[in-house]
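Full structure from sequences and hints, please.
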Amino acid sequence: MTSTPIQTPHAAAHAGLPAYSGKGLVMAVTSGKGGVGKTFFSANLAAALTRRGHKVLVLDADLGLANLDVVLNLYPKITLHDVFTGKATLDDAILKAPGGFSVLLAGSGMVEYSRLTPEVREDFMKVMQTIVPRFDVVLLDTGAGISDVVLFAVSLASEVLMVATPEPTSLTDAYATIKVLAMQQGRQQVRLVVNQATRPGDGRNITGQLQQVLNRFLSTQNGAGIKLVHMGDVPADQSVKDAIMRRQLLLVHAPGCPAALAVGQIAGRLEDAVLGHTLS
Numbered sequence: 001m002t003s004t005p006i007q008t009p010h011a012a013a014h015a016g017l018p019a020y021s022g023k024g025l026v027m028a029v030t031s032g033k034g035g036v037g038k039t040f041f042s043a044n045l046a047a048a049l050t051r052r053g054h055k056v057l058v059l060d061a062d063l064g065l066a067n068l069d070v071v072l073n074l075y076p077k078i079t080l081h082d083v084f085t086g087k088a089t090l091d092d093a094i095l096k097a098p099g100g101f102s103v104l105l106a107g108s109g110m111v112e113y114s115r116l117t118p119e120v121r122e123d124f125m126k127v128m129q130t131i132v133p134r135f136d137v138v139l140l141d142t143g144a145g146i147s148d149v150v151l152f153a154v155s156l157a158s159e160v161l162m163v164a165t166p167e168p169t170s171l172t173d174a175y176a177t178i179k180v181l182a183m184q185q186g187r188q189q190v191r192l193v194v195n196q197a198t199r200p201g202d203g204r205n206i207t208g209q210l211q212q213v214l215n216r217f218l219s220t221q222n223g224a225g226i227k228l229v230h231m232g233d234v235p236a237d238q239s240v241k242d243a244i245m246r247r248q249l250l251l252v253h254a255p256g257c258p259a260a261l262a263v264g265q266i267a268g269r270l271e272d273a274v275l276g277h278t279l280s
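FYI, in this note's numbering the residues of the sequence shown are 1 to 280.
Treat the hints as calculated values from the structure; they're not laboratory data. Heads up, none of these hints are tricks.
Here are the simulated DSBU-like cross-link-like pairs (lysine-lysine), alpha carbons at most 35 Å apart as the crow flies:
(1) 55 / 77
(2) 55 / 23
(3) 23 / 87
(4) 179 / 241
(5) 126 / 33
(6) 23 / 96
(7) 227 / 33
Below, the structure is given as structure tokens:
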């Protein structure tokens with residue numbers, strides 16, 4: 001593998017900070033509202049990409065209400081909070097998760113990091129500048145919505161993966177978030193995953209409906225609009241609930257279940273779409 005510079009025009013433009021460089025692809029996994037399974041999907045996507053031979057790190061970018069540790073049944077002694085405050089090194093905070101990928105956990109209840117202060121912004125960028133060159137893929141598991149911390153985390157990614165469910169509230173909030181990303185960050189493309197799909201074809205229909213609304217009501221500064229790319233559906237599956245209750249990865253608990261197979265297929269599509277030429 002050869003190193004490919006990571007371009008961060010959004011970070012440079014909105015944070016006034018220098019872009020980092022390295023071989024890694026930075027992808028933000030985000031959502032318009034909470035409760036759509038975003039963190040669970042991030043963790044299992046990381047496991048699926050790891051199985052395909054990629055070196056992956058998931059960074060818990062939900063600094064105020066982090067729960068990646070709960071999903072993975074990890075009890076970290078050192079978190080991002082310790083790194084930010086200088087109590088520990090970054091290497092000490094990076095843990096190996098079930099599934100073979102690495103994680104950098106935020107620790108829940110970090111109230112002082114729920115707002116994007118200059119200090120938080122600088123600390124976050126320093127972490128990114130260090131970890132991106134060391135991994136093939138860095139997944140940013142962001143908070144939900146359009147807070148300044150969420151938008152800053154998303155701005156650091158070259159790819160955005162929006163997780164939504166077929167529920168009207170989830171789709172309304174997804175539309176609002178995509179609109180903000182287009183208007184404030186100049187995003188021209190967002191990849192969409194529909195979780196908890198109940199019927200085959202749900203995701204493609206939802207993507208088409210959202211695209212129509214965006215085409216009708218969204219006018220970006222450059223007039224280019226924004227394109228939604230449907231990456232796949234994760235079907236509603238009892239195995240997901242069982243894995244969550246057991247605090248296990250779905251790909252470990254029930255690797256052959258429909259939802260696990262769907263996550264694997266999405267990982268393959270991401271590999272074909274963005275990882276093949278980025279990491280070749």
